[in-house]
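Using the sequences plus the hints, can you model the full thing?
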Amino acid sequence: MFGREEKVSQLRLTAVQYVLLGIFLVLAFGLWRLQVARSDYYTTLAEQNRIKQVPMLAPRGKILDREGRIIVDNYPSFSVLLLRDQNRNLDVDADKIASGLHIPPDELRARLKRMAAVPGYQPLFLKDDITPDELAFIESHRADLPELDIITVHRRLYPKNGFMAHIIGYVGQVSEDMLTQPQWELYNPGDIVGMSGVEQYYNDILMGKNGSRQVLVNSRGKEVGTLSDVQAIPGKQLKLTIDLDLQIAAEEALEGRPGAVVAMDPRNGEILAMVSRPAFDPNEFAVRITRDEWNQLMTDPGKPLLNKAIQAQLAPGSVFKVIMATAGLQEGIAQDLVVNCGGGKTFYGRFFKCWIASNHTTHGSVNISKAIYQSCDSYFYTLAEKLGIGRIAKYATMLGLGQKTGVDLPQEVSGVMPSEEWKIKNFKQKWYAGETISVGIGQGAVTTTPIQLMRAVGAITSGGVLVRPHVAFPDQFPPGFKQVANYTDRVQIPLDEDNWMLITDALAQVVSPVGTAPSAALKGIDFAGKTGSAQTISNDLKKRLGAEGKHFKDNGWFVGVTPRRNPEIVVAVLLEEGEHGYYAARATAQVIKAYVEKQRNLQTQVAKASGQASKQAEVAAVWHDGDTKQPDKMQAGRFTVTADGKTKPVTTAPGLDQSDHPKPAADLEATESHDEMAHPENQIPAPEPPKPPNLKPEEQQNQEKPDVKPPAPAAAVAPTRQP
Amino acid sequence: MSRYISYRDFDWVLLVLVLTICALGVVEIYSATLSTKFMGVHIKQVYWILAGVGLMFIVSLLNYSALLERVPLLYLVSIASLVAVEVFGKKYLGARRWVQIGSFHFQPSEWVKLVLILAMAKYFADSKPECTAQDIVKAGALVGVPMFMVLAQPDLGTALTYLPIAIMGLFLGGMKAKHALVIVLLAALLAPVGWHVLKPYQRDRLTSFMEPEADPQRHGYQVIQSLVAVGSGGIFGKGTAHGSQTQGQFLPVPHTDFIFAAFAEEHGFLGAMGLLLLYFIVLMRLIQNAQTAPDRAGAFVVMGVVAVLAFHVLINVGMAVGFMPVTGIPLPLMSYGGSSVLFMFLALGIVMNIRMRRFVN
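The listed protein sequences correspond, in order, to chains A and B. Numbered continuously in this note's numbering, the first sequence closes out at residue 725. Numbered continuously in this note's numbering, the second sequence closes out at residue 1296.
Every clue listed holds true.
Quick list of simulated restraints, FRET-style, between CB atoms:
1. Tyr982/B to Lys211/A: 35 to 43 angstroms
2. Gln12/A to Val1188/B: 35 to 43 angstroms
3. Thr971/B to Gln183/A: 33 to 41 angstroms
Hints are computed from structural coordinates only; laboratory data are not their basis. Even glycine gets a Cβ: it sits at the ideal position worked out from N, Cα and C.
Next comes the structure, spelled out in structure tokens:
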């Protein structure tokens, strides 16, 4: 081509070509170095690359009492995982693994088979709560059994011997078939969720969110890279309205007899104690419960799994008369009604007996006050007839009978408050006037739960203010928490002041020499309440059964308050087969006394806090002396102690110590990486031996580190004198 | 002036070579994304390639001279788009590189590359064969301004790809050796300053490639995994979709940045060398087109494309074999990603454009 200048220096273009050639030769050399010269080295490295997916389990929230003392806690334990995607022949290794971990080899193989359909990266949980020797076995076989892995999990630690078992509940694993039920829909199989009690009701608060970690490890298990890391979100702790001191007193008051106790502050609905006996030990559920143990619990006639405080609907007996009195006075009938007891009265051709008749005497002439404190059946039969079931049902329903109280525990029952409509609806029969008579003394078709009765009597003595009982403080719930009911609900029932005074004064007389429970009187305390003795079968049936009929003993009830008007506490006690109300009254008195003494102690301490030379405090205490052979035996006493700062009140629920569980070494607890585990030269320290429960005060003091070390059992101070 | 252009002059050989590389890329993307959440993106890559080919044909019809005349305007538009990213851009992976228009993500820094090639070509085409100091400064500013804007995103990797354009332009423009020396000295003196400006993770990246074992869990991790993948491929490779490091997710982002390592693992030394050879031939072919370009500007444009392409290959393959730090620069024609594919085909379109007019005055 003519006339063309050299557009671009050909020399320089050629230079560029050679530069490019040089670059490519360098790259080729790099390739050669890796893929030809050092191929074996890198091949080995490649084979050693492994990915491990490790779940990071979220610890569940603690459960505390109203003063922040620990009731339910977690303890760390180790679980063994079997990783199934590590290119290992698991069948060959199965025997070795089984013997080292003390699992039957057939069971291991069967479980592997069952997991065949599950994706390979999901590990199999072989065993929980492994012992130190099993841990050592896994550590020492890191190289030849790389498919085994250990994770730290937190297990639930509950108070021993079923203390607060029904309120707390227990946790368990979500199983596949549970997922079909609507309440469990949102969970995954294997999640640990609450199955009863507050563990279930407040599961969303207590349960955290598990995280997971995908790490790159070489064949020695050493971590060489992290692929992903999702942090676990721990569960939040739950503060209950329960007062541990009162709870202990309530359990003690029941003395192992079957029944229930429930105590509440009627000013705000906070439940201070709740007991149901017999109970179960939720610690047995925390590790897997066997089918036999479960069946035993289910078929036990004492019904240990039932929370009788909210799930036992029984005839209230004479306690119902308080409600009858309210109805009678508000309707203007009872003020002027005077009845001649006569040991019973006839209605509609039938003779209805008054209980006093079995003492071969009568109550004589009875007005409303005497009818209450002497619990005269004849009076209330008459009153019932005059009121009619409609009006009785109206007042009873206003006071919450026949409905759930809405307490924040699962599976509460509503009891029955009969009425004409109720009978037609449920039995397609007319209500007979004769049935009203029995209802008048709390028998017949009417059934209540202890918590209902407690709330009703609490309402009446508070001047007609009905509250919603609850066991957890509503102000601690996070904003998104779905509250089924408004915990601070208050409903005002119409109750005239005169009627209120009359009823409450009469109730105070119940525990006086003229009442039905004089033995329950408490010196220096304004204690009032109502006894109840409820038949479990009718008199006719009892006669017909003859000797066997004697087995059907009456239930004893008592609902008590202090002070009599605008009470600070209302306590209901049900003693199954307790026969007479005054046994229940004495149990109630114990709880009331514990409450009052605690209040007074606080007041004394506050008074004394203004710096005096010799600080003395009166202390009332309930404790266990650490005798492990008699775990239920509690002691109580009142002492004067020098307040020198060494006294330590109850800090946690009884039996809530960690001495039974081998504690891992502190540094293993803290780290998540397995670097230490990869080195066999790291010794696993032997677990600390269980701490002896009997402690002197100075040692006790050293124990009081927050929520890690085993706390002292419920003890105030070594007694200076026996009560 | 009307020019007769015929598709016989179209560089079919180049097209075949390029499409071969693309095909290998699609296969490797398919293998690298098997059973991951990116499964199926190789289809998307095919769509990008087809679109790119279409674009290439369209662009080859234009008169590149007309394009060059509009360079000042194009340059302003690119600066404006970079400003837009700075102001409106969405942060993704810690850097603001994208602007969202409707449902499209627009990454200006790729198009800016193209404009820079044209700008550089025009600048040197109009000037004398000798390159003065003034020219150096002007050329430096031409490239430097957008480069620093990209650096501020921050996108160190892409910003660096503007450098070869400047270097190639200066070199071919007749820069004297002594000028080059001065620049090198200046760069050496300013290096410590530059070091301070860099963010810590960028510094770590630059150093860790030299000693990856020092920090195997974070920055050294990618380098180590790449070496393991490439090295364990051996001479013959492990076979398509059988590379344990690629399939086992040990090799990070095997369908984009580390696609060469994935390819090397699965096709071994023979395969990797073959691929390198393909790239080499493509570059040589491009240089030949530059030699036969009708004018100075055309030649500069083609060489600009050569510079960018060679730079990408050097950095990316160098990274895969441990000679270069990890920088996130894709392997052209193979790495998954629409921007990169489209850029390459646009650039190739212009090259075709120039080639087809080589017999015309």
